[in-house]
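Q: Here is how the chains run, residue by residue.
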Amino acid sequence: MTAVAAGRTASAPRPGLLRRVAATPSGVFGLVVVVVLVATALLGPLIAPHDPNALDIDHRLEGPSGTYWLGTDNLGRDLLSRLILGARIALEIAVPAVAIGVLAGLLLGLAAGYLGGKVDTVVVTVLDAVQSFPAVVLALAVLALLGGSTPTIVLVIAVAFVPSFGRVTRASVQSVSRLPFVDAERNLGAGPLRIIWRHVLPNVVSPLIVLTAMNLPSAVAVESGLAFLGLGVQPPTPDWGVVLSDGFDRIRDSPWPVLFTCTVLALTTLGFTFLGERLRDVLDVRTAEVR
Amino acid sequence: MVRYVARRVGVAVIVLLLVLVLLSVLVHVLPGDPVSLMLGPRADPDLIATARRQMDLDASVPAQVWHFVSGVFQGDLGQDFLTKRPVSELIGAALPHTLILAVVSLALAVAIAVPLAVVSAARPGSAVDRFLGTVSVGVISIPSYVIGMLLLLLATVWLGWLPAIGTGDLSDPGDYLAHLVLPALSLALIWAGYLARLLRSSMLEVLGENHIRAARAYGIPEWRIYYQLALRNAIPGVVALIGVALGDLMGSAIFIEVIFTRNGLGTLLYNAIAERDYPIVRGGVVVIAVLFVVANLLADLANRRINPRLREEAAA
Chain W
1 MTAVAAGRTA
11 SAPRPGLLRR
21 VAATPSGVFG
31 LVVVVVLVAT
41 ALLGPLIAPH
51 DPNALDIDHR
61 LEGPSGTYWL
71 GTDNLGRDLL
81 SRLILGARIA
91 LEIAVPAVAI
101 GVLAGLLLGL
111 AAGYLGGKVD
121 TVVVTVLDAV
131 QSFPAVVLAL
141 AVLALLGGST
151 PTIVLVIAVA
161 FVPSFGRVTR
171 ASVQSVSRLP
181 FVDAERNLGA
191 GPLRIIWRHV
201 LPNVVSPLIV
211 LTAMNLPSAV
221 AVESGLAFLG
231 LGVQPPTPDW
241 GVVLSDGFDR
251 IRDSPWPVLF
261 TCTVLALTTL
271 GFTFLGERLR
281 DVLDVRTAEV
291 R
Chain V
1 MVRYVARRVG
11 VAVIVLLLVL
21 VLLSVLVHVL
31 PGDPVSLMLG
41 PRADPDLIAT
51 ARRQMDLDAS
61 VPAQVWHFVS
71 GVFQGDLGQD
81 FLTKRPVSEL
91 IGAALPHTLI
101 LAVVSLALAV
111 AIAVPLAVVS
121 AARPGSAVDR
131 FLGTVSVGVI
141 SIPSYVIGML
151 LLLLATVWLG
161 WLPAIGTGDL
171 SDPGDYLAHL
181 VLPALSLALI
191 WAGYLARLLR
201 SSMLEVLGEN
211 HIRAARAYGI
221 PEWRIYYQLA
231 LRNAIPGVVA
241 LIGVALGDLM
251 GSAIFIEVIF
261 TRNGLGTLLY
271 NAIAERDYPI
281 VRGGVVVIAV
291 LFVVANLLAD
301 LANRRINPRL
311 REEAAA
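Residue numbers (this note's numbering), protein chains in the order written: chain W, 1 to 291; chain V, 1 to 316.
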């Protein structure tokens, strides 16, 4: 607990929030995973024991050893170093993708919820249409046409997240703008921008934070999944999906690459999700939308 | 009810049309070129011209949209450029395997979720409930391809269980089923987690109500209270979710089919992607979108039919 308390004074966005998040085992687990992941992404090249693309032909597909802690892949590349550098690639795609999703969803949700009427109908129909595509399939159609450059991958993943953020924002706007005190302020002559800034946004922030924490692991999962299918980040970049795909091709010769990559992916998604769950309890957000 | 059905079907048709138009203009909106992606940058000009004509890229954009959309409604999804076979034929051969996989996974998910939900709802807040809650959230968040990979490792590498991979033979149901177990389980776990959470909360909602107390007072056995009275309240929510679940399963099935080298729509798409064969990719995406929209529509309508509360809201 001392480490957590120290972290709180250093980086807490609000006094006590971090401590409340860390009050349960799953909250601690989520925090630790996310902090380790972010640190790994930032420090990547400094802490990787080997060059992730250096070949060691004499030590191909080896299990964990003193030199190669997690073993080597089919070209004798160090698995640990590849996974460490993969953390940065995963976040470099997932974070902007979710950020764009939040921003676009926020704007669409505000427009739909605040303006109502025709705008609302159009926005809801468009969100429905986007949501009627499973995210992976949508990404597949576009990337098969374009090939996978980083901005395209980010955009394709972002589009899939817009509907959930849009819906949550729209619902919050609708519930807030019907409240008597907001009505009163509107009658006193407050313009829409003031109402949105003073009353709507503060009420939207908490659900959006929770939804962000919940959607980041999906973004990582989709990104790695696309790379696994050969549609995302291309080899030899040590993306987790690429490493998984390399390992899968030789799964009969060595189970280690697949095992360790799967462990990293599972820990990452679990960490963000448990953190999100915990944030939802702490921030007391009631929107528990399934998608 | 009639008005609601008409409106709901109307929205579904509009969504489908939007999706189809989007897929047919995608080629022009995006900066890539499917022909050069497929044939490579140094392809013979004649070949490129043939490919462009076959993929209907020479026509004006509105004409292309019209050809594609009207074609889809007649069951024509275009032609595979490499084998010259109709895309609909290729998809027709692959689709049953994927549908079987999705439906079996969903059934498996329900079968796993119901007892878990009952155990959790019987003692809310207990150690068992909290443990199952954590496990459910855990399996929901882990990508299905990671679960599939781990199951594959466990079965083939460590246990040497061979039916784990391949499709099996449909004419030999036992063999086909043996090949279906692990892929279906990989897909089912996520939705088992979702459903268990959902069932638990709708059961808790109803368990405190008077008719349950009355049933207990009459000495109706506990298992009937949970499995008959309380679960009934949870059915509408589950039905609504199944539409979403089926669509999502079709998407995840791509990975699972590739991992377990199973025939199906996913494997077809995967190979088409590797060959940059856009007509097949587009056809597969159309089919998945249609199935997803239809499943959602049916789930919504069924939900409306069995949940009187929603009908009253609509009338008010």
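The hints are simulated quantities; they were obtained by calculation from the structure and are not laboratory data. Yeah, the Cβ is synthetic: ideal placement off N, Cα and C, and Gly gets one too. Treat each hint with caution, since some may be false.
If you anchor each label on the Cβ, the simulated ranges turn out as follows [unchecked claim]:
1. Ile235(V) to Asn203(W): 50 to 56 Å
2. Tyr4(V) to Pro45(W): 57 to 63 Å
3. Ser201(V) to Ala190(W): 56 to 62 Å
4. Asn203(W) to Arg232(V): 31 to 37 Å
5. Leu179(W) to Gly10(V): 44 to 50 Å
6. Gly117(W) to Ser201(V): 31 to 37 Å
7. Tyr4(V) to Gly117(W): 49 to 55 Å
8. Asn187(W) to Val5(V): 38 to 44 Å
9. Gly63(W) to Arg53(V): 50 to 56 Å
10. Val9(V) to Val122(W): 16 to 22 Å
Facing chain W, a subset of chain V residues (Cβ under 7 Å, in silico) [stated by the list, open to error]:
11. Leu18
12. Gly138
13. Ser141
14. Pro143
15. Val285
Residues from chain W that keep clear of chain V, each with C-beta distances beyond 10 Å, as calculated [as the list claims (entries may be wrong)]:
16. Ser26
17. Val34
18. Ala54
19. Ile57
20. Thr125
21. Val142
22. His199
23. Gly230
24. Pro236
Q: Each hint: holds or not?
A: Against the structure, the hints:
no.	hint	result
1	Ile235(V) to Asn203(W): 50 to 56 Å	violated (33 Å)
2	Tyr4(V) to Pro45(W): 57 to 63 Å	holds (59 Å)
3	Ser201(V) to Ala190(W): 56 to 62 Å	violated (38 Å)
4	Asn203(W) to Arg232(V): 31 to 37 Å	holds (36 Å)
5	Leu179(W) to Gly10(V): 44 to 50 Å	violated (33 Å)
6	Gly117(W) to Ser201(V): 31 to 37 Å	holds (34 Å)
7	Tyr4(V) to Gly117(W): 49 to 55 Å	violated (21 Å)
8	Asn187(W) to Val5(V): 38 to 44 Å	holds (41 Å)
9	Gly63(W) to Arg53(V): 50 to 56 Å	holds (54 Å)
10	Val9(V) to Val122(W): 16 to 22 Å	holds (19 Å)
11	Leu18	holds (5 Å)
12	Gly138	holds (6 Å)
13	Ser141	holds (4 Å)
14	Pro143	holds (4 Å)
15	Val285	holds (4 Å)
16	Ser26	violated (6 Å)
17	Val34	holds (13 Å)
18	Ala54	holds (26 Å)
19	Ile57	holds (24 Å)
20	Thr125	violated (7 Å)
21	Val142	violated (7 Å)
22	His199	holds (27 Å)
23	Gly230	violated (6 Å)
24	Pro236	holds (18 Å)
Going through the hint list in order, the structure does not satisfy hints 1, 3, 5, 7, 16, 20, 21 and 23.
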